[in-house]
Amino acid sequence: MPHAKLPRKSTHIDMTAMCDVAFLLLTFFMLATKFKPPEPVVVSTPKSIAETPLPEKDVMLLTVDNKGRIFFAIDNKNMRQNLIESIDSKKALGLTKEEKNAFTVDASEGIPFSMLKSYLASNPEQQKAAEVTAPGIPADTAVLAPTNDLAVWILAARETNPMLRICIKADGKASYPSVQKIIKTLEGYKIFKFNLITDLEPLPPGTAIYEDAHKGDAHK
Amino acid sequence: MAEMDTSSSGGHKKGPGVKKGKKLSTRIDLTPMVDLGFLLITFFMYTTTLARPKTMEINMPYKDPNLKQEDMNKLKASAALTVLLSKNGHIYYYQGIGDDPNKPPELKPTNRKGIRDVIIDKIKTVRDLKNSGALGVKDEATILIKPDTTSTYGDLVGMLDEMTINEVKVYAIVDITDIEQGFIKETEVANGIK
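Chains as they are written, first to last, in our numbering: chain A, 1 to 220; chain B, 1 to 194.
Worth flagging that the hints you see were computed from the coordinates, not collected in a lab.
Accuracy of the hints is not assured; some may be wrong.
[As the list claims (entries may be wrong)] To be clear about the criterion: a stretch of chain A counts as covered by chain B if any three or more of its residues have a C-beta under 8 angstroms from a C-beta of chain B, and this derived list gives those stretches:
#1 12 to 25
#2 82 to 89
#3 111 to 120
#4 142 to 152
#5 178 to 189
Beta carbons: idealized from backbone N, C-alpha and C, even for Gly.
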């Protein structure tokens, strides 16, 4: 009896096309990704339901770690150049050109003005080591207090770029008085609007905001 | 799947003594490469979404030492709720603003979970008062947040978040007074909170 022969199909698939797609996407993501800027200290921010993303540019970031140390950072390199010139003339630090250049490439500062010159004069490795033990920028609840270094930083930064948005990134365990110093200093400059960086948390069910967010769902 | 062909030795043999040159296929198995590609894609996708931190916008009340007393809006005590943030996440609250020296406010202890119901209750009470005419149309439930020096930033953000969650329109962060710190101590002793 003749046996009907079924054509045997190979289970092998050509992976080349899939591989092409995968690497195309990979290239896209690699180019589109903007890596996080290096952070002076590890900060675990508290959670909130706020969803507004951080602005892309013109951000002044004030970091507060769990011990209450304050770090100051702005992202734009050109602005950093202007900022250090302004700080130098304001506080008469007598910085050299090399020290100013060192400031433009540095990510963030967490030391009082008295230590700034020697900090900028040291090499990047020493700076990194110094940042671990840095005392943080001194601040005060009174803007015009002579010890309020933070106020000078903020003023100088606002002068170099009036469009700056001020973001506070504080650790959830940071004591309130350390954050209060920043808020009071900002209030002293009549800055009443600023952003707090938080981690995202889902909306708690059964509350007013949850009802609002899901009002549209029922009609669909 | 496409893979390297190494099976040329099996199958039909030409006979003893006949040597056959190995024919190698030019096809390479691309599966591991695809795996790797997608793994990296996944990594980059996750890092990109996580790299944009979320922020909470905050508006502090306008403060000016030159502002005249009569220009300010007087807060009605019946619309106000004062929340005191203390150490270890303890929260104390009282109705009103506690400005009457003859009638010291009655502090009640609660925590992060309990305060939500208190706020919801307050909003309801104010709405009822507005309906009955005891409060004006423009009056809103107002919450005064007073963080003690022992509280943390996390407590404050939690409280501000609670305002957004319950849609409290008027709230303010106010400095705590020594009197209120004294009240907290008394309540701590009375309730055995350490």
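How the hints compare with the structure:
1. 12 to 25: The restraint on the segment 12 to 25 of chain A holds, since 10 of its residues have a Cβ under 8 angstroms from chain B and three suffice.
2. 82 to 89: Not satisfied, violated; 0 residues make the cut.
3. 111 to 120: violated (count 0)
4. 142 to 152: Our answer is that it is violated, as 0 residues pass the Cβ test (under 8 angstroms) against chain B, missing three.
5. 178 to 189: holds (count 6)
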